[in-house]
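**Q** Keeping their order, the protein sequence lines are chains X and S.
So the first sequence is numbered by our numbering: it starts at 1 and just counts up by one.
So the second sequence is numbered by our numbering: it starts at 1001 and just counts up by one.
Simulated from the structure, these hints should not be mistaken for lab results.
Just so you know, even glycine gets a beta-carbon here, dropped at the ideal spot from N, CA and C.
All the pointers check out, no bait thrown in.
Just so you have them, the derived chain S footprint on chain X, three or more residues with Cβ under 8 Å:
{"id": "1", "stretch": "147 to 153"}
{"id": "2", "stretch": "163 to 175"}
{"id": "3", "stretch": "184 to 190"}
Non-contacting residues of chain X with respect to chain S, defined by C-beta distances greater than 10 Å in every case (computed):
{"id": "4", "residue": "Glu17"}
{"id": "5", "residue": "Leu87"}
{"id": "6", "residue": "Glu91"}
{"id": "7", "residue": "Pro235"}
{"id": "8", "residue": "Gly244"}
{"id": "9", "residue": "Asp263"}
Read off the chains here:
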Amino acid sequence: MLTLVDSTTGTVVGRAEGEDVVLDVATTGAGPTLLMLHGAEGREADTAFVDALAGRFTVVAPSHPGFGLSPRPDWCDTVEDLAYLYLDWIERQDLRDVVLVGLQFGGWLAAEMAVRDCSRLGRLVLVDPVGIKVGGREDRDIVDVFAIPRGELDARNYADPAAGPGDLTLASVEDTEHIARNEEALALYGWEPYLHNPRLRRWLPRIHVPTLVAWGAHDGIVSPGYGRAYADAIPGARFEIVDGAGHRAQVEQPATLAALVADHTV
Amino acid sequence: MQYWHFSETAYPYLPPPETIDSIRVTLPNGVIDPERAAALWDRYLLEWQVADECGINLMMNEHHATATCMDPAAPVIAGILGRITTKARILILGNPVANRKDPVRVAEETALVDLLSHGRLDVGFVRGVPYEVSAVNSKPVQMSERMWEAIDLIKKAWTTHDGPFNWEGRFFHQRHVNIWPRPLQQPHPPVWVTAMTPGSAGRIADNGDIVASFLTGYEGTRKVFQAYRDRLAETGRPAPADDRFAYAALVYTGRTDEEGLEGARKLMWYVKANKVPFEFVQPPGYTPYFVRAAGLRGERSAYDFKSLTLENLIDEGIVFAGSPSTVRGQIEKFHERVGGFGHLLLMGQAGFLEHDETVAGIRTFAEHVKPALDRQFTPRPVTV
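Pulled out of the complex, with its shape left as it was, chain X reads as follows (with noise of 0.2 Å):
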């Protein structure tokens, strides 16, 4: 089993239900405050990422409640739970001008905080975001990741399958760990409406800070045409393609992303 932190290893971010909230937060770098809201690959994943972002940012990368070695509050079940426990931290801290960059399910989650607040926020980035319904009901806008088997969802998820964890009974306990816990708890918060909030599209245009919504060429598990409905209903929002990548941009192309945050941010 893996050891979560507790509130002598892990940072207090908030308080609720009469109870600190506890989480694996991790900092690096130096510069203007960057927030990075991991997806279902969790933080341990975005290594490369993070390191490319850190020569410009102070990266404060959380493990979300359920995700990576944070615990989770019994109480805490949906996006909109996160949402509000990320801006009252940033609240607490008193963070200001912060970038907000959303990594798919991280996406969803901040796009969620966005429409809400903005107040803070300097800039938004979402890196193949999850989160909204642009088809008919007919149509899965988002491949069902909980019922398609290991070898498909690495192909989805990545230009190149072989970026994945591959074939997990080759896999260290630890890892397939990480993988078990980091997919409870995207099917705890995303089971049901799948991966969307019916009614965040309709919102988006409260996003009132400048924002880049970036998408994997290969994204197999949304669409491109879907992140282009999603910057379409962000007032002013620029999309760009990322080459050799899928749906978990940030594995596969951290530099060409930490470039594009660092231009989107000047």
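Starting from the known structure of chain X, fit chain S onto it as the hints suggest.
**A** For chain S alone, kept in the frame of chain X given last:
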């Protein structure tokens, strides 16, 4: 001891296993020949009628989007059995309440069946099998929490008779719960809940309900039953009677050992035909993450019987099969090894076990095994 005939009412006429990915969730229902399905239902109902005539009780279950079970609405079948049988008790085991979005409807359905059957209904609750979360779009996380909230709500709905009550729980909301009709049995039909691991038994013991374990063999079953007994002891309550414990096994009784084993080999379809890919067998959250992680690494699940032979399954106490004296001996041994139990759920039909063979198995058990066991284990009435 009470005995219950159980068939999962499969549609076994399937394409070769190597040509399909899964027998559950994704197998197109175009595989079904509707006429053949209707004929199968005729014979399955008839088999329960035979059991009723033989003094054996009746059990049915419910599954969704699977060739292994053509009953996606157990109360419908229970209602029919309530009218075409006369003596047997009728057990739904179970209503998959973690997957049912409307527990009040379950309370209504079961109250109705209790009336239709003149108070012969036993109501079982199950969390639901992992394969089904995709088929019914049910979140595999927090399933136990949903199941227990649903059970609490259903019991309150059955037993509240002074007008509507309010329910605004974590998972279910209804402002005016006031079911019509109400059950015939008072205060409500007997309640069963399944437990496959000891950790699930405590709350069932707290409620005094019947705990049922499926195909868990000698050791697994003993641990579940012991956890129930321990909980009552810890909370200072009297030791439970055997009628609080139920076990489901694959059972076939022949005139000879050879005939019994031959029947059991056909029942093995239930475990052998269950071709389902990992993503449906172990959805995230259904088991603790570290258990699923072991599955991701390719370790065999405790409930994967595919690699076991009939002899293995008999040795483990998962199959009881042979001549009447052999089956009787197996049941006596099981009774002793698990510390006693009061309900044996006989999965006496599966796959290609034909109607005549199924009926022969039921009758041989009823005529040549049950009387001897009745002399040994006083048949107890089911108590509430």
